[in-house]
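K.L.:
Kindly produce the complete structure, drawing on both the sequences and the hints.
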Amino acid sequence: MSSPVQPLAASLIQSVDWLAIAPPTIAAVLGLAVLVADLFVGERRKALLGWVSVAGLAASLLMLLPLLDGDRSTFCLTGDTDACSYTADQFTLVIQFLVLGGALVAALLSVTALRDADRGLPEGEFWFLLLSSAAGAALLPASRDLATLVVALEVASLPAFALVGLRHGDRRSSEAALKFFLSSVTATAVSLMGISFLYASTGTLYLTEIAGRVRHVDGQLTTLAHTGVVLTLVGFAFKTAAVPFHFWVPDTYVGAPLPVAAYLSVVGKAVGFSGLILVAVVALPSYAGVWGPALAVLAALTMTLGNAGALRQQATRAYSAVRLLAWSSVGQAGYLLVPIAAAAYSDDAERSAGSTVAYALMYAAVNLGAFAVAALVGRTRSLNRVSDYRGLYATNPLTALLLAFFLLCLAGLPPGIIGLFAKVTVFSAAVDAGLGWLAVVMAVNVVVALFYYLQWTALLFRAPEGESVKHRLPAPLTAAITVTGVLAVALSGAPQLVLRFAGTGLF
Numbered sequence: 026m027s028s029p030v031q032p033l034a035a036s037l038i039q040s041v042d043w044l045a046i047a048p049p050t051i052a053a054v055l056g057l058a059v060l061v062a063d064l065f066v067g068e069r070r071k072a073l074l075g076w077v078s079v080a081g082l083a084a085s086l087l088m089l090l091p092l093l094d095g096d097r098s099t100f101c102l103t104g105d106t107d108a109c110s111y112t113a114d115q116f117t118l119v120i121q122f123l124v125l126g127g128a129l130v131a132a133l134l135s136v137t138a139l140r141d142a143d144r145g146l147p148e149g150e151f152w153f154l155l156l157s158s159a160a161g162a163a164l165l166p167a168s169r170d171l172a173t174l175v176v177a178l179e180v181a182s183l184p185a186f187a188l189v190g191l192r193h194g195d196r197r198s199s200e201a202a203l204k205f206f207l208s209s210v211t212a213t214a215v216s217l218m219g220i221s222f223l224y225a226s227t228g229t230l231y232l233t234e235i236a237g238r239v240r241h242v243d244g245q246l247t248t249l250a251h252t253g254v255v256l257t258l259v260g261f262a263f264k265t266a267a268v269p270f271h272f273w274v275p276d277t278y279v280g281a282p283l284p285v286a287a288y289l290s291v292v293g294k295a296v297g298f299s300g301l302i303l304v305a306v307v308a309l310p311s312y313a314g315v316w317g318p319a320l321a322v323l324a325a326l327t328m329t330l331g332n333a334g335a336l337r338q339q340a341t342r343a344y345s346a347v348r349l350l351a352w353s354s355v356g357q358a359g360y361l362l363v364p365i366a367a368a369a370y371s372d373d374a375e376r377s378a379g380s381t382v383a384y385a386l387m388y389a390a391v392n393l394g395a396f397a398v399a400a401l402v403g404r405t406r407s408l409n410r411v412s413d414y415r416g417l418y419a420t421n422p423l424t425a426l427l428l429a430f431f432l433l434c435l436a437g438l439p440p441g442i443i444g445l446f447a448k449v450t451v452f453s454a455a456v457d458a459g460l461g462w463l464a465v466v467m468a469v470n471v472v473v474a475l476f477y478y479l480q481w482t483a484l485l486f487r488a489p490e491g492e493s494v495k496h497r498l499p500a501p502l503t504a505a506i507t508v509t510g511v512l513a514v515a516l517s518g519a520p521q522l523v524l525r526f527a528g529t530g531l532f
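Under my numbering, the first residue of the sequence shown is numbered 26, with each subsequent residue one higher.
Hints in this document: simulated from the structure, not taken from any laboratory. Note that the structure is predicted; figures quoted are calculated from it, not measured. Errors might be hidden in some of the hints.
[Stated by the list, open to error] Cut-off 20 Å, straight-line C-alpha distance, at most; resulting in silico cross-link-like pairs (EDC-like, lysine to aspartate or glutamate):
1) K71 / D141
2) K204 / D276
3) K71 / E150
4) K71 / E179
5) K204 / E234
P.N.:
In structure tokens form, the structure reads like this:
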């Protein structure tokens, strides 16, 4: 006689699509392998761990190619192919490309940084933490249930805390890690509380099922559902560094090793914004009347305070270049929030959200390039002030031209065509959604940002003060600057490669 447990067990057995989950899996497995290998590799060969990590991230990127032929899902409820925990659709692949590509550039920067640190940073732990964070960041856009989403978010965030504070005995590094940790833990606690309320009121964690059930919650649970929606969205707003949850950004970027700051500025943002899109657009479209106005106000505040903070940076202040990039990233986060807010008012929410993805791709390429040049200058100018870039064209002309191009892209000025078109796309999303006031605020902020971007750009071509210093370009640093430069120039020549995501449904 067969046991009644057997049919139940059989219904829980699921096949795993190993190809679909390959990109984050490769990064995770390689992280563990590097950590174990560190125990057996001598000090003279520690650099090999870095190159193995770079190769592993490149392999993870290549594994995206076989997934381009169509959407793939795995870890689904048996008998319900619409309720899956992992989905590799167009949205997932684009964000995974951004995340793994950003991690690869950060890894190239780290190879040089670790060598310059002369054992000041433990190499095995560094590469393990970077690969682990990259694996979590790559998992997040594919997550289609709230449990997997939170796990991916924490796997991406927890190693990042350690990366920021990895320099032992450095007070700035420890303070930066503490601020980052406290803000992120607060965000996680708020998100988990909201998710628990949503689960209690809907009885499911799958995003597609929440979208249907949250509209018809029992009257006694309505308040619980509303509270869950608000808390969940507030928690993800923390992760995007939106005002007023941005206070950790400048000090964290200054205290962290520069490659880690570059990683956080791009990959950290991609994690927060992709999670926010999944929760708002996929799971909670029926609450657009709640999160739409809230995100619109957050966008306006974030871009305004971010640009105001960047304007206040003095060129001769220590670490002013990194602080300017940090405040600039806060301002850019405001632009990234605009299309998500517009999705609440649009008839095609996916198309509006696509504008955020298109802008994020542009921002990732040029911001990583700017950080790569900052890492080069920081090798000889440890205080990394904006004034240290004066006369860079006289000593490193090609590098100066690339930095000028990156800054013009961020400003949205020709010849940085991709920056201009990306801003127009975001602006159009606001106008089409009827958010004229937000479009005006954005236009004013774009004009304000021109001042500090052009001021830095002009400094590159002025006559150097005192003895000029020629910055030597190690091979990994050269590769990072070259990759970001070629990508930024290629996107300016063919902006349709990125902007097409603004005109298509991503899910």
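K.L.:
Next, verify each hint and record whether it holds.
P.N.:
Against the structure, the hints come out as follows:
1. Restraint check for K71 and D141: the C-alpha separation of about 13 Å stays at or below 20 Å, so the hint holds.
2. Note on K204 and D276: the hinted pairing holds, with a Cα-Cα distance of about 8 Å set against a maximum of 20 Å.
3. Taking the CA atoms of K71 and E150, the gap is about 11 Å. The hint holds against a cut of 20 Å.
4. A C-alpha spacing of about 28 Å is found between K71 and E179, which places the hinted pair above 20 Å, so the restraint is violated.
5. For the hint pairing K204 with E234, the CA-to-CA distance comes to about 36 Å; that exceeds 20 Å, so the pair is violated.
Hint compliance for this structure: hints 4, 5 are broken, all remaining hints hold.
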